[in-house]
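One letter stands for each residue in the lines below.
2 protein chains.
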Amino acid sequence: MSSYDNVLESLKKLSIEPNTVSHDAVADNKDWSAIMQPSGQVTKTLIFKPKTAKSAAPTPVVVIALEATETNAAALSRHLGLKDCRFANEDLLQSTFATTKDAVSPFVLSNVADLSLVHLVVDASLLSLNGADRLAFRAGANNQSVLISVDELKNYVASLNKDITEVDFAALASAPAAAPAKDAAAKAAAKAKKDAKREAALNEESHQMGIEYKKDLDFPRWYQQVLTKSEMLEYYDVSGCYILRPLAYNIWKEITNFFDGAITEMGVDDTYFPMFVSNRVLEREKDHIEGFAPEVAWVTKAGNSDLEEPIAIRPTSETVMYPYFAKWIRSHRDLPLRINQWCSVVRWEFKNPQPFLRTREFLWQEGHTAHLTLEGASEEVYQILDLYEQVYNDLLALPVVKGVKSEKERFAGGYYTTTVEGYIPATGRAIQGGTSHCLGQNFSKMFDITVEDPNWEGPDSKKLHVWQNSWGLSTRTIGVLVMTHSDDFGLVLPPRVALTQVIIIPCGLTVKTTKEDANKLYDACEDLAKRLKKAGVKVKTDMRDIYTPGFKFNHWELRGTPLRIEFGFKDMQKNQVTAVRRDTRLRDTIPLDQLETGVKQTLETMQNDMYQKAKANMEANIARIDTWDQFVPALNDKKLILMPWCDRTECEDDVKDRSARSSNDGEEEDERAPSMGAKTLCKPLVQPTDKPIIPGETKCVACGQDAKHYMLFGRSY
Amino acid sequence: MSSYDNVLESLKKLSIEPNTVSHDAVADNKDWSAIMQPSGQVTKTLIFKPKTAKSAAPTPVVVIALEATETNAAALSRHLGLKDCRFANEDLLQSTFATTKDAVSPFVLSNVADLSLVHLVVDASLLSLNGADRLAFRAGANNQSVLISVDELKNYVASLNKDITEVDFAALASAPAAAPAKDAAAKAAAKAKKDAKREAALNEESHQMGIEYKKDLDFPRWYQQVLTKSEMLEYYDVSGCYILRPLAYNIWKEITNFFDGAITEMGVDDTYFPMFVSNRVLEREKDHIEGFAPEVAWVTKAGNSDLEEPIAIRPTSETVMYPYFAKWIRSHRDLPLRINQWCSVVRWEFKNPQPFLRTREFLWQEGHTAHLTLEGASEEVYQILDLYEQVYNDLLALPVVKGVKSEKERFAGGYYTTTVEGYIPATGRAIQGGTSHCLGQNFSKMFDITVEDPNWEGPDSKKLHVWQNSWGLSTRTIGVLVMTHSDDFGLVLPPRVALTQVIIIPCGLTVKTTKEDANKLYDACEDLAKRLKKAGVKVKTDMRDIYTPGFKFNHWELRGTPLRIEFGFKDMQKNQVTAVRRDTRLRDTIPLDQLETGVKQTLETMQNDMYQKAKANMEANIARIDTWDQFVPALNDKKLILMPWCDRTECEDDVKDRSARSSNDGEEEDERAPSMGAKTLCKPLVQPTDKPIIPGETKCVACGQDAKHYMLFGRSY
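These protein sequence lines map, in sequence, to chains A and B.
At position 350 of the first sequence the residue is numbered 350 (the UniProt record's numbering), and the sequence of numbers has no breaks.
At position 540 of the second sequence the residue is numbered 540 (the UniProt record's numbering), and the sequence of numbers has no breaks.
It is worth saying that the hints were derived from the structure and are not from the lab.
Note that the Cβ used here is the ideal one computed from N, Cα and C, for glycine as well.
Treat the hints with caution; some may be incorrect.
Here are the simulated DSS-like cross-link-like pairs (lysine-lysine), alpha carbons at most 30 Å apart as the crow flies [stated by the list, open to error]:
#1 B:445 - A:229
#2 A:445 - B:229
#3 A:540 - B:538
#4 A:327 - B:229
#5 A:327 - B:538
#6 B:520 - B:214
Listed next, with one range per pair, are the computed distances between beta-carbon atoms [claimed, not checked]:
#7 B:286 - A:209: 57 to 65 Å
#8 B:514 - A:262: 36 to 44 Å
#9 B:350 - A:216: 36 to 44 Å
#10 B:279 - A:545: 42 to 50 Å
Can you make the complete structure from the sequences, with help from the hints?
In structure tokens form, the structure reads like this:
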């Protein structure tokens, strides 16, 4: 959404329906006064930054004035008791107001996390206009303006819960040191001095708090800061291991609740197998263990004693479990046998670790099942794949592409592998989101898991090796979620997996507020929380009295809290709360008598909006190509590629080589612009229907041989 | 409950209210006929065992006859086509009928797991009596009889869903080879032959299935068989590690759901810390680590590479977490900080492992919290202790004693330790069921976890070390549950933690049943299951057609399934189901139109009965003693001991030495009669009020010094 659309939407929330006008219309010889019938004025909005101590947070001054008013910065500075007001630079505009120089309007105030640090100045000559007079505001970096009435502007400003300073610029200009102005300046200076020490400390804290890197500019550092500053994750003194703090662990808990409920319904039972594996068992299936052996961690000592033989920590549990499958399955009546466990596994990777995506210990579930027939096994493979898709779509608000892995990419020792593939827009890389494998009879032959064929009608009996599946989903999910949804202000959490869905912040308290009034406000906030909690909403209040509302806004925004409810005296009078969505940062009001339904509806809408947005983004970044010369450019444009393919491993290897950007020095070199070659991601279950593959006619885009189906390619984590 | 009480209760379930009569009354010159006005007869019940193949299950014959009838075993054998009927021995009476020779009555049929293997013969002359005539039955190994009418006996037999063979013993005696008898014998013989092969196989399976050891006679082997044959647990090829199968894991899941919900409500958040700990961190708190060091497992290799320095697997997480507490807690406003994790920990014990009780890896939750004040910390310590008590009482139907550990027994590095102590009746040993520790400021001083004292009014600021708690509950709970509730027939599970609460078994199908009727019965069973599932009951049906109902009864009984619903054609006609409780093995009927409420009520009653029974048993086994000479005898009588104590470690050591039975060769020597000395278990929170400790007057029972309080002592796991 453009910032122009944002403006229209936020005004609409205040029941302000602005007219809009194209500047071209003005250029076409229609002047402003004609457009603004019966009467009105063009305006300007200016943002200044007074000089402050380097370590302190900036305290910008926003001036809303008539275009015609002469706004002298120096006079204004003196008047406000501030030092050296200068035009704010792009950095400040971006970081504090989420805007650019050519899109400044009063409405960027909605983007400000902490309005307590902002001085809001309104031109007295503007306020003296009639309430119905029209004002034209530039509303975005295009040639559009919006027209609203003076009263509507006043309503908008009131909705911010922010005191304004009315300034008579003409008077300022003519009498720079006039008495009233001097008084105001002196007052402001005194107040500033009084609060200086406290503010300095808080500013310091506030500064440390924010994300210092832009997602677009330094994605790896941004990712790291979002994780740590949101208090999702803590780095740990054993490399490749991380602490999952409550915010992160809760996401896993929600996934667990959903998925475990669904598989229980399917008839899968939970178990727990030991984390230790003997070498003998680990090595039973050679193909399989080859894939894991270099990463296996070995326990060789207990206390001061050496163990008789080293014992491995499970990297996955196929070879741990299947000897027992052989024991437990004695008849076809014991099938299907379906078990699952929630546990951690260890893969001691030596590549650079990355929180959630590549860690030496991670949490997952692993399901292991045995079936009488391939059909039975296959049916389950896709049921589970659907559940994984639901975890992504419905809980994490993330799109995935369901598909089947190529022979080269399938699970070591398995028969075929299905996958949900995610997409990280910032890096243009795909990520394997969860896999559901059909193992065929490979393991059952190795571990001798057999039953007598119940359908055998010949003499004696016939041994039948069972058909097996294994499927797993890990905490990697959380990494995909953070990388996709979060922004320069920090974490953005879909409501369904948020530990705290709603934060209530009392607003409008000043030094002048009586203790009685303050308590009234606090009590009212607690009442709101009680109502929401009763309605099943995960809600908290932030009553810490040493922090300003602005500080708290930042605090909870950084932590991805889906909805912020601001509640001040004006809200109280109007029987409403002000609610700000984390994803769009748009504010809205909810009438008090519709609090529960309003909040729940907003959370649901937000959940859905986040999914739709991510989905549209993924879809827009899957390039359909017809010729090879489109391949690398699309890849470098951070796209995944869907194209007719011959389904040959030789071609797959070739594509990887040909698409590697330059020297093949690994995927770590530059997170934003990886140079590694593209891999096959999956054969999507839903194949394009507009240009179906015509056998013998459609050619593989990479090699020109006959295409078998569409394949999704991409750089990948 | 005596078997006599059992009889009364099972008759009451059939709405049969028997009169009871003491044999003393008969001896006192009142003869039976006088007692049984208007008319009636004394009866006898005989149990014979025909000869069968050694490997086959016995097929006993139960004869209900008038006392006066001459019952010739040889003639009966010929009549039934069975070989050599002889009186059943005590073993068979106990294992199949749960009775003894002098307590045999028709009502022991209720105790039989598999009635399909039993022949039920009723004296024709008894059946020819008037329906209202009274019959006297011996009902237990005491001098009591019960009186019921002939009709009531018929009702009872009908409730068993078991066909009876009516035998005219007089005719048998006079015409041993009479035609009708011969026919019946020939028929029976033919049927027996036909089913021989199939039965032999099933009998073999059935034989393997049951528990071969008695709980009273060989507790360790009994425990092992209950765990493995019930399919709760599987032994594993790494010593000290076990596989938790669904039946066991589900108990842990129920505990998790309950406890996690409760602590979330308290404001505790879930986290996950890595399982690996660096040596440096592990050794930070010396006192603490001393307790764990000999059992720490060390990872020294990954793949083929040696690690730079060995890395430990957590034995507990105090030293893992607290460096981060120091980082996260920056102000008193961050307090209380409360986190919990569900994970596995490793303690590589070298003592004999025992499933659930002493394992090298086990599952637990560990809560770690920090508070501003000791009061705040202490309040939580006891809140958690209450929750642990609720886990035992409400979920596991087990009693515990809440109390405080002695100085000697408290957590290494802690301030004080509270505990819930359980009791294993079969061994007379106590077991520490869960501990909630106040760590005081020991760890916060070691890890420098401080805040500025918010209540300090002096100059500058004052650093305050936080007060910490840690608390843990493990899968050991499952061991206590199995050891306490289970019986010679296998596992007994309280309904609230059972994976399957109700098993529905179709009954009464014979070779004569038409396919249509069979399908009708199967469908009806599925309908029952659907209704119960909808009502929130965890229900399964056992429709396997190769197994007899009796086989299935054993199967599900062994697995502790709380309620068995038998549903046959007679039930269908009567619009009822027959329900058999696992704990009491009593049968009852539930009208079909009250199925849901009836089943749920029965499960609730069972849950409560199991708790009350275990509680009464524990209470009966806590001996109050006044003199030391009562101590060892009480201990050897499998009791715990509650007595006034001086609270001195020296005395505690002395008690242990003096109460060790003989050579101190460890607790492993004999599970049933451990010889190790008694430990202090806890100072119960609820102290006896009948003889309160009078300071300076009441003396320590062990040493004669002044007693401080009552202390619970016992042999302990």
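Hint check results:
Only pairs whose Cα atoms come within 30 Å are accepted, and residue 445 (chain B) paired with residue 229 (chain A) is accepted, the gap being roughly 27 Å. As the CA atoms of residue 445 (chain A) and residue 229 (chain B) are separated by approximately 27 Å, the hinted pair is consistent with the 30 Å bound. With a CA separation close to 36 Å, the supplied pair residue 540 (chain A) and residue 538 (chain B) exceeds the 30 Å bound. Restraint check for residue 327 (chain A) and residue 229 (chain B): satisfied, since their Cα atoms lie roughly 13 Å apart, inside the 30 Å limit.
Between residue 327 (chain A) and residue 538 (chain B) the CA atoms are separated by roughly 27 Å; this keeps the pair inside 30 Å, and the hint holds. Annotation: proposed proximity of residue 520 (chain B) to residue 214 (chain B) is violated, straight-line Cα distance about 41 Å (limit 30 Å). Checked against the given bound of 57 to 65 Å, the beta carbons of residue 286 (chain B) and residue 209 (chain A), roughly 37 Å apart, lie outside it. Between residue 514 (chain B) and residue 262 (chain A) the Cβ separation comes to about 40 Å, which falls inside the hinted range of 36 to 44 Å.
For residue 350 (chain B) and residue 216 (chain A), the Cβ-Cβ distance of about 57 Å falls outside the hinted range of 36 to 44 Å, so the restraint is violated. The hinted window of 42 to 50 Å between residue 279 (chain B) and residue 545 (chain A) holds, with their beta carbons roughly 44 Å apart.
Violated hints, in rising order: 3, 6, 7, 9; the structure is consistent with all others.
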